[in-house]
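Colleague: Sequence:
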Amino acid sequence: KGQPMADSKFDYLQQLIQRTRLAHIAAEKRLLRMDLLVKHATVYYACWTVGLSLATSFANSKWLAFLSIASSIVVALFTVYAGSQNYAVRAEQMKNSYIQLQDLWLDFDSSEAEEGDRAVFADRAGERYIAIIRQTENPLECDDGQSRSAFDELRIWGLRIAVYGTPLMVAGAVSIAMALGVLSWC
Numbered sequence: 001k002g003q004p005m006a007d008s009k010f011d012y013l014q015q016l017i018q019r020t021r022l023a024h025i026a027a028e029k030r031l032l033r034m035d036l037l038v039k040h041a042t043v044y045y046a047c048w049t050v051g052l053s054l055a056t057s058f059a060n061s062k063w064l065a066f067l068s069i070a071s072s073i074v075v076a077l078f079t080v081y082a083g084s085q086n087y088a089v090r091a092e093q094m095k096n097s098y099i100q101l102q103d104l105w106l107d108f109d110s111s112e113a114e115e116g117d118r119a120v121f122a123d124r125a126g127e128r129y130i131a132i133i134r135q136t137e138n139p140l141e142c143d144d145g146q147s148r149s150a151f152d153e154l155r156i157w158g159l160r161i162a163v164y165g166t167p168l169m170v171a172g173a174v175s176i177a178m179a180l181g182v183l184s185w186c
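First residue of the sequence shown? That's 1 in the numbering used here, and the numbers climb one at a time after it.
Don't take every hint at face value.
[What the hints assert, rightly or not] Below, simulated PhoX-like cross-link-like pairs (lysine-lysine); rule was C-alpha separation at most 25 Å, straight line:
(1) K29 - K95
(2) K39 - K95
(3) K29 - K39
[What the hints assert, rightly or not] Okay, the calculated beta carbon distance ranges per label pair:
(4) Y12 - A70: 31 to 41 Å
(5) E92 - R155: 39 to 49 Å
(6) G83 - A150: 29 to 39 Å
(7) E141 - G172: 28 to 38 Å
(8) G172 - R19: 44 to 54 Å
(9) V170 - D107: 53 to 63 Å
(10) A76 - I161: 19 to 29 Å
(11) Q85 - S57: 29 to 39 Å
(12) S57 - E137: 43 to 53 Å
(13) Q135 - A177: 30 to 40 Å
(14) D107 - A173: 34 to 44 Å
(15) A173 - S57: 21 to 31 Å
What the hints contain is simulated information worked out from the structure, not anything from laboratory work.
In this text, a Cβ means the ideal position worked out from N, Cα and C, and glycines have one as well.
Model the full assembly from the supplied sequences, consistent with the hints where possible.
Modeller: Right, here's the structure in full:
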């Protein structure tokens with residue numbers, strides 16, 4: 001009577017481990033993409049700030065000086081925030097987790113347990129599974145390959161456009177305002 005439950009738990013755990021492993025692989029990739037975006041954005045904004053600072057040397061403009069100071073503050077805050085997110089460290093934790101999950105999953109494949117031992121094996125595997133997933137954060141819903149949608153991809157591209165487009169939009173708005181005489185160089 002206990003055997004169908006053991007088989008059910010055995011099969012369920014094997015599938016759960018595989019799904020979790022795939023989600024952790026996707027989470028690692030997402031975190032590495034975010035780490036790369038943060039690094040690029042930090043350099044990008046720092047270059048804009050240097051350009052604004054240099055421009056204040058050649059043009060006597062209160063607005064340009066204000067933008068340079070504001071840009072410096074934004075870059076400093078962004079750098080502190082981005083550094084506190086620890087994307088690379090979190091990605092490494094996800095990688096360690098999915099490697100451990102792979103080992104556990106392979107134990108299921110190589111398990112030659114007799115039918116009566118499957119329940120014991122499933123219990124031990126369940127304990128190992130819980131110990132492994134406790135070591136990392138939960139992956140996001142978008143890390144589940146089945147639920148990743150076009151909206152998730154659009155959101156990623158929107159974030160990139162916002163990060164790289166914001167300085168261009170601000171520079172364009174200031175240029176237009178200056179051309180219309182709303183802002184003056186003095």
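Colleague: Could you run down the list of hints and mark each one as holding or not?
Modeller: Outcome of the hint check:
1. K29 - K95: holds (9 Å)
2. K39 - K95: holds (20 Å)
3. K29 - K39: holds (15 Å)
4. Y12 - A70: 31 to 41 Å: Distance hint for Y12, A70 is violated at roughly 55 Å.
5. E92 - R155: 39 to 49 Å: violated (24 Å)
6. G83 - A150: 29 to 39 Å: holds (32 Å)
7. E141 - G172: 28 to 38 Å: Between E141 and G172, where Cβ atoms are some 36 Å apart, the hint holds.
8. G172 - R19: 44 to 54 Å: With Cβ atoms ~46 Å apart, the hint holds.
9. V170 - D107: 53 to 63 Å: About 55 Å separates the Cβ atoms of V170 and D107, which means 53 to 63 Å holds.
10. A76 - I161: 19 to 29 Å: holds (23 Å)
11. Q85 - S57: 29 to 39 Å: holds (34 Å)
12. S57 - E137: 43 to 53 Å: Cβ of S57 to Cβ of E137: about 46 Å, so the range 43 to 53 Å holds.
13. Q135 - A177: 30 to 40 Å: violated (52 Å)
14. D107 - A173: 34 to 44 Å: violated (60 Å)
15. A173 - S57: 21 to 31 Å: Holds, since A173 and S57 (Cβ atoms, about 23 Å apart) stay within the stated range.
When held up to the earlier numbered hints, the structure conflicts with 4, 5, 13 and 14 and fits the remainder.
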